[in-house]
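Undergrad: The lines below spell out each chain.
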Amino acid sequence: MAAVLRSRAHTAYRLLPACLQFMNKSDCMRAGWGLPMTMPTNHNRVVVRSFSEELRVLTSTMGEADYHHVADKTLDMMAEKLEVFVEDQEVPDGDIEYSQGVLTVKLGRHGTFVINKQTPNRQIWLSSPVSGPYRFDYVDGRWIYNRDGRDLVQQLEQEIGALLRSELHLE
Amino acid sequence: MQRLLPFAAVAASTSKVAAQSLHLFAQQLGRRLYHKNVVEHYERPRNVGSFDKNDPDVGTGLVGAPACGDVMKLQIKVDDQGNIVDARFKTFGCGSAIASSSVATEWVKGKSLDEVLKIKNSDIAKHLSLPPVKLHCSMLAEDAIKAAVKDIQAKRAVKA
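As they're listed, the protein sequences go chains L and W.
Everything in the first sequence is counted per our numbering, starting at 149 for the first residue and increasing by one.
Everything in the second sequence is counted per our numbering, starting at 936 for the first residue and increasing by one.
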């Protein structure tokens, strides 16, 4: 990444290919650029395929078709498992709704989880009554929250399992 | 009946007595309303506008992306002691996003930079009674505050 940035360091921001425009601030600073005025401070990360071990490959330039494929696979799996689980647990006012990329898990008095696709960002967003809102990126086959590395499927297993006091396995 | 709901909502936001019956009314129709705090901030937003982003006492936080449907710009004016004396916001997004950023500008005024970093998205969400799907708006508002603080600190570090 650093080598790519150094070679691009003298190119005006607006002339860069789109994949290099969406970079985080620390990369910009390290490349010796000042912060471009037009860059939002909260934004997507880059996919730069790198052969070095240190660079994690994040997927914001993932193609849309690929994104839908992996996101639908994850949501379909969760919807199926959760429907069975919530029914087995006989949660009062429990209900699962899944349509158009939005999975709503109502657990009665325990609250409601909403898990939805966010296609422009290639993310899955989670809203949890236990811990609040999160945005997950697709990294190495898992959905990861980039601020602390938590995993979407594991977090749901833990939180829903704890609320209903029963072990939940989504995968 | 359903068409009267928006009018009833506005009337209720200005009348305390009608508010409770309005919610029962809405429940019977199976509709959800924005919480009155959200309606209040949406119809009478506080601190809309902008400062000059090149002003050395101004910190600008710009978060979100148009493709996602939410962009917030939050600006703070900070005095030499590190206290926020004024704030402005401009938000492109849903009613909950507008209300979240409006609340954020109200809450940062008069506080120090360290204190505002303690403002959590959960506080904003609770104040506005945001439903699950709108919690992301309050998170964005928290991010906007943090980005504005980071900006002013970076500006001051360069100056020092």
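If you're looking for bench data, these hints aren't it; they were derived computationally from the structure.
Treat the hints with caution; some may be incorrect.
[Claimed, not checked] Quick list of in silico lysine-lysine cross-link-like pairs, DSSO-like style, CA-CA up to 27 Å:
id, chain 1, residue 1, chain 2, residue 2
1, W, 1025, W, 1053
2, L, 221, L, 265
3, W, 1081, W, 988
4, L, 265, W, 1044
5, L, 265, L, 254
6, W, 1044, W, 1055
7, W, 1081, W, 1055
8, W, 971, W, 1044
9, W, 971, L, 254
10, W, 1055, L, 254
11, W, 1055, W, 1085
12, W, 1090, W, 988
13, W, 1053, W, 1085
14, W, 1061, L, 254
15, L, 265, W, 1061
16, W, 1055, L, 265
17, W, 971, W, 1046
18, W, 1055, W, 988
Here the structure is a predicted model, which means the values were calculated and not measured.
Undergrad: Hint by hint, note whether the structure agrees.
TA: Taking the hints in turn, this is what the structure says about them:
no., hint, in the structure
1, W:1025 x W:1053, "22 Å, holds"
2, L:221 x L:265, "11 Å, holds"
3, W:1081 x W:988, "16 Å, holds"
4, L:265 x W:1044, "35 Å, violated"
5, L:265 x L:254, "18 Å, holds"
6, W:1044 x W:1055, "15 Å, holds"
7, W:1081 x W:1055, "10 Å, holds"
8, W:971 x W:1044, "22 Å, holds"
9, W:971 x L:254, "24 Å, holds"
10, W:1055 x L:254, "25 Å, holds"
11, W:1055 x W:1085, "16 Å, holds"
12, W:1090 x W:988, "11 Å, holds"
13, W:1053 x W:1085, "14 Å, holds"
14, W:1061 x L:254, "19 Å, holds"
15, L:265 x W:1061, "24 Å, holds"
16, W:1055 x L:265, "24 Å, holds"
17, W:971 x W:1046, "26 Å, holds"
18, W:1055 x W:988, "25 Å, holds"
When held up to the earlier numbered hints, the structure conflicts with hint 4 and nothing else.
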